[in-house]
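Asker: Protein chains in written order, with my numbering: chain X, 1 to 273; chain V, 1 to 431; chain S, 1 to 263.
Calculated from the structure, these hints are not laboratory results. Mixed in with the good hints there might be a few duds.
[Said to hold, decoys possible] To list a few chain S residues with every Cβ distance to chain X over 10 Å, as calculated:
1) SER64
2) GLN150
3) THR157
4) GLY182
5) PRO184
6) GLU213
[What the hints assert, rightly or not] Examples of chain S residues toward chain V, derived with CB under 10 Å:
7) GLY91
8) LYS106
9) PHE133
Note that beta-carbon positions come from the ideal geometry of N, C-alpha and C, so glycine has one too.
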Amino acid sequence: MNPYLPREAQIIKRSEESPNTVSLLLRLTDGQPYDFAPGQFNMLYLYGCGEVAISVVSDAEDSGLLMHTIRALGRVTRGLTALKPGGRIGLRGPFGRGWPMTEAEGQDVVIVTGGLGCAPSVSVIHHILSRRERYGRLSILQGVKHTDDLIWRAQYDTWSALPDVEVMLAADVAEPGWHGHVGLVTTLFDRLHLAADRTVAMLCGPEVMMRAGAEGLQVLGLNADSIHLSMERNMQCAVGHCGHCQIGAHFVCRNGPVFRWPEVRSLLGTRGF
Amino acid sequence: MTERRVSIHVPAMTRVEGEGSLRLRIEHGKIEELALDIFEPPRYFEKFLEGRRYHEVMDIVARICGICPIAYQMSAAQALENAFGITPTAWVRDMRRVFYCGEWLQSHALHVHLLAAPDFLGFDSVIGMAEKHPEAVRRGLRLQGLGNELIRLLGARSVHPVGACVGGFFRAPTTEQVAAMRDRLSAALPDAEALVAWSAALPVPDDDQAFVNVSLRHPSDYPFAEGRIVSDNGLDIAIDDYDQHFEEQHRSQSTALFSALHGEAYLVGPLARLNLNLDRLPAASRELLAQTGISFPSSNMFHSLLARAMEIHIAVVEAMRLLEYYAEPPIAHVEVTPVAGVGCGATEAPRGLLWQRYELDDQGIIRDARIVPPTSQNQARLEVDLQQSLRAFGLDQADDALRLRAETVIRNYDPCISCATHFLKIDVERR
Amino acid sequence: MQRPHIAVHKFSSCDGCQLAFLNAGEDLLELAQLVDIRHFLEAGIADEYAQVDIAFVEGSISTSEELTRIQRVRANSRFVVTLGACATAGGLQALRNLDDSNEAWKHAVYAQPEFIQTLDQAEPVSAHIEVDFELWGCPVNGQQVLAAVQQLLFGVTPLDPRDKVCMECKRQHAVCVMVTEGRPCMGPVTRTGCGALCPRFGRDCYACFGPAENLNTDAMSQRLQGLGLPPSDIARRFLFINSHAPAFHAAGRPFYREGFADD
Ligand SMILES: Cc1cc2nc3c(=O)[nH]c(=O)nc-3n(C[C@H](O)[C@H](O)[C@H](O)COP(=O)(O)OP(=O)(O)OC[C@H]3O[C@@H](n4cnc5c(N)ncnc54)[C@H](O)[C@@H]3O)c2cc1C
Ligand code: SF4
Ligand code: SF4
Ligand code: SF4
Numbered sequence: 001m002n003p004y005l006p007r008e009a010q011i012i013k014r015s016e017e018s019p020n021t022v023s024l025l026l027r028l029t030d031g032q033p034y035d036f037a038p039g040q041f042n043m044l045y046l047y048g049c050g051e052v053a054i055s056v057v058s059d060a061e062d063s064g065l066l067m068h069t070i071r072a073l074g075r076v077t078r079g080l081t082a083l084k085p086g087g088r089i090g091l092r093g094p095f096g097r098g099w100p101m102t103e104a105e106g107q108d109v110v111i112v113t114g115g116l117g118c119a120p121s122v123s124v125i126h127h128i129l130s131r132r133e134r135y136g137r138l139s140i141l142q143g144v145k146h147t148d149d150l151i152w153r154a155q156y157d158t159w160s161a162l163p164d165v166e167v168m169l170a171a172d173v174a175e176p177g178w179h180g181h182v183g184l185v186t187t188l189f190d191r192l193h194l195a196a197d198r199t200v201a202m203l204c205g206p207e208v209m210m211r212a213g214a215e216g217l218q219v220l221g222l223n224a225d226s227i228h229l230s231m232e233r234n235m236q237c238a239v240g241h242c243g244h245c246q247i248g249a250h251f252v253c254r255n256g257p258v259f260r261w262p263e264v265r266s267l268l269g270t271r272g273f
Numbered sequence: 001m002t003e004r005r006v007s008i009h010v011p012a013m014t015r016v017e018g019e020g021s022l023r024l025r026i027e028h029g030k031i032e033e034l035a036l037d038i039f040e041p042p043r044y045f046e047k048f049l050e051g052r053r054y055h056e057v058m059d060i061v062a063r064i065c066g067i068c069p070i071a072y073q074m075s076a077a078q079a080l081e082n083a084f085g086i087t088p089t090a091w092v093r094d095m096r097r098v099f100y101c102g103e104w105l106q107s108h109a110l111h112v113h114l115l116a117a118p119d120f121l122g123f124d125s126v127i128g129m130a131e132k133h134p135e136a137v138r139r140g141l142r143l144q145g146l147g148n149e150l151i152r153l154l155g156a157r158s159v160h161p162v163g164a165c166v167g168g169f170f171r172a173p174t175t176e177q178v179a180a181m182r183d184r185l186s187a188a189l190p191d192a193e194a195l196v197a198w199s200a201a202l203p204v205p206d207d208d209q210a211f212v213n214v215s216l217r218h219p220s221d222y223p224f225a226e227g228r229i230v231s232d233n234g235l236d237i238a239i240d241d242y243d244q245h246f247e248e249q250h251r252s253q254s255t256a257l258f259s260a261l262h263g264e265a266y267l268v269g270p271l272a273r274l275n276l277n278l279d280r281l282p283a284a285s286r287e288l289l290a291q292t293g294i295s296f297p298s299s300n301m302f303h304s305l306l307a308r309a310m311e312i313h314i315a316v317v318e319a320m321r322l323l324e325y326y327a328e329p330p331i332a333h334v335e336v337t338p339v340a341g342v343g344c345g346a347t348e349a350p351r352g353l354l355w356q357r358y359e360l361d362d363q364g365i366i367r368d369a370r371i372v373p374p375t376s377q378n379q380a381r382l383e384v385d386l387q388q389s390l391r392a393f394g395l396d397q398a399d400d401a402l403r404l405r406a407e408t409v410i411r412n413y414d415p416c417i418s419c420a421t422h423f424l425k426i427d428v429e430r431r
Numbered sequence: 001m002q003r004p005h006i007a008v009h010k011f012s013s014c015d016g017c018q019l020a021f022l023n024a025g026e027d028l029l030e031l032a033q034l035v036d037i038r039h040f041l042e043a044g045i046a047d048e049y050a051q052v053d054i055a056f057v058e059g060s061i062s063t064s065e066e067l068t069r070i071q072r073v074r075a076n077s078r079f080v081v082t083l084g085a086c087a088t089a090g091g092l093q094a095l096r097n098l099d100d101s102n103e104a105w106k107h108a109v110y111a112q113p114e115f116i117q118t119l120d121q122a123e124p125v126s127a128h129i130e131v132d133f134e135l136w137g138c139p140v141n142g143q144q145v146l147a148a149v150q151q152l153l154f155g156v157t158p159l160d161p162r163d164k165v166c167m168e169c170k171r172q173h174a175v176c177v178m179v180t181e182g183r184p185c186m187g188p189v190t191r192t193g194c195g196a197l198c199p200r201f202g203r204d205c206y207a208c209f210g211p212a213e214n215l216n217t218d219a220m221s222q223r224l225q226g227l228g229l230p231p232s233d234i235a236r237r238f239l240f241i242n243s244h245a246p247a248f249h250a251a252g253r254p255f256y257r258e259g260f261a262d263d
């Protein structure tokens, strides 16, 4: 497939996850196969308006259909989330390096997410749950600014009911009736019971949260190389030409979006990067 | 005849370039008032040309009209070159014709399909017409697009092109570009031929009138950017002598001026050009015209549309001829050294003769400018035509029919009201 | 779904910007399917009072009739989009504002100036009503117009590229005419959008797309002086098609003497 040429995708289903977040179930109209790994992303093209990088949230095994969850933030995402079933968009991808799913086999997995950072993590959760025997214990730690931001509520309930799955939620600001934790997602670490030598951590969300999270996990004894971060940067070309997404010497679109903590530790939080 | 009082006011003319309106009052079977108001706001081009340098003129006068910018540029270039005593190279003269062919194609195809033809086929606009006559409309759009491409070849863009300068062109197209254009032109020839046959078959009213035709005439070719000014009542003058024979008047209801030749109304534009230059047609065009079975010269103003179709064919044939043995020239324009003086220029805009005159100082700064666009020259003729056509049509016709006929007559002249706004300074003595 | 309604209105202009629609060829027919064109005189559609979703406005406001009409357009339209230099910055005719020349020029051109009703200034549409989006250029680039229409139809604010023509030269691999030939090119202060047409045709940009973002007009003027241009020529460079655009007006004014006279 030519990575510069968008393929056409049709919207099969549209569901509102929260007031400003919408999931689109897509089918590629060319009938050609589409293979991706959890953590990879697509460039979605609203015809004539622009392209945005959006993670794939569906399970790689789901034949023919793929799902994206999009938060209406600006020009293009607002247009995309307003589309109706039947609408058509362009799609390039998948791009980037996904989560280390092979490396994580036989180990426990901790997923730490913040805000809409949960999107890239959903495909991991799907992946693990449908290959349950290959992975150990799964801990999902999700933090949001406000409880209103929490999407996939029903899914969290379903997941937490599964054996060997632990779900912990934290909100900075809670609405009345919130039974979860109040505070930053990292404050949940105190409650984690980790086997540090056989655990892989996957983080995504705002960079400050990921830095705090990675440092906290190291304190808990995790090996720095077992901590993985999914970075989000403003992207234009997605193939390592334009430099918009560059962080230090890395192109997030090509070398990332998933990085090992040591690869980006010195860059995160450095002014100018 | 009925004893009725009809008052028709068409407040805003559709399908003309710019804005104008018509007032028509019929009382007891007689036209008591008939006036074409042009209320395009004045933009004072002649005034702000003063104080500008000669090389800015082309970019300024283009902005008089988005539909025929090349006409304004070509008359200006000629006038300024005459003032400086410069003769452009043969290559430049050929390419100016090609450039002009592009404008005729674009403007005529726009007028025939988008503006005029809906009248004869009973539609309000091209959008409605496209549903019933999709192929005719597509053909028109293709020819219009070809004209735009031809302009872009020499001018970079089709509205207010940037490629032409006093002395020639800023850049010569490459042989590859020209070869590609030749292919496009020959592929379009069948479209142009079909358009002529289609136009000749349109149901147009019979309405013969007596009028004076005025156009340029070239020693050997169909007139575009060079020639003497001639008429079919004996006029044959150099362009410098224009204002000794033609004069303008300002009428109250209009921001345009009305021109007269020796005090009389006259016609400029495609029909006048064709009528006066039948012996200058390229052979292929002449044959095509003969096949229509309509005899020319014609005094039926409704044959203007056919004349435009013919000129589309002429433009395609001419551009093909001029580009056939194209070679990139050593220079695309001659260097200009300004000298103080006066120069006049006249070329055939899609809508007819377009005359300009500039006075410059020794720095090449414009001290005085005059521009006489075709629409003002047709203005008087258009009012006479309206009087005659409406009487021939029958003043007792229903209001809507009268209004439509009046609009059809006006659109026939393809009046470009944007052009019609910025005329020369009136001769104060005559007031 | 109901098709969006659009209108195209003309004010003081040359009609060149409307041609972005009339020259669009097949795209025009396609557009007519996607939207309901309610008013577009030159295309033969007249309903001046129509309520529309998007009104495109060509031309500057230079008469009191136009002033009334533009206010009505605003009241009847959800979005107002200006098309081109005349509507966005006053256009070439705004040159009469420089010396308040309206009265003098009217008397010089017309035998019966009392019949000519004009405002003292020819101004951009935004001087009189709120404008939702502005498209620059004299004329606007047809691609840009269709792209803006497309974006508005999706409910998306159109992109507004404001970098300089110089950037476009680089993208188009055009050789710089200022560096290589010393031409007084206005590209460094002019907004992108045309595709660097003039430099590609071997001539200097004359700023028909108006001021770019973050422009350094002082450095530009110094460069023009360095190239040997007298003050009147520097004034002419800035005070041309977009003379009423604040950035160009401010840059050209210090060099300007009435009627572009030299000192
Ligand atoms: C690898 C990757 C995966 C992503 N996955 C998802 C996803 O699954 N779901 C989702 O909703 N979003 C995702 N994003 C973010 C998404 O790309 C941006 O929200 C989008 O580009 C904004 O574009 P816009 O035109 O709507 O907004 P704009 O009008 O361009 O900007 C709106 C606001 O968003 C900010 N912004 C612009 N681009 C980005 C960006 N790339 N990241 C963060 N903020 C940005 C701007 O600074 C501005 O404040 C992902 C980004 C990357 C790099
Ligand atoms: S901006 Fe230029 S092209 Fe557009 S209407 Fe005004 S003069 Fe004509
Ligand atoms: S030619 Fe003009 S626009 Fe292009 S780079 Fe040089 S100065 Fe800039
Ligand atoms: S290069 Fe400058 S003057 Fe030429 S078309 Fe572009 S913006 Fe206009």
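Asker: List, from low to high, the hint numbers that the structure doesn't satisfy.
Answerer: 2, 3 and 9
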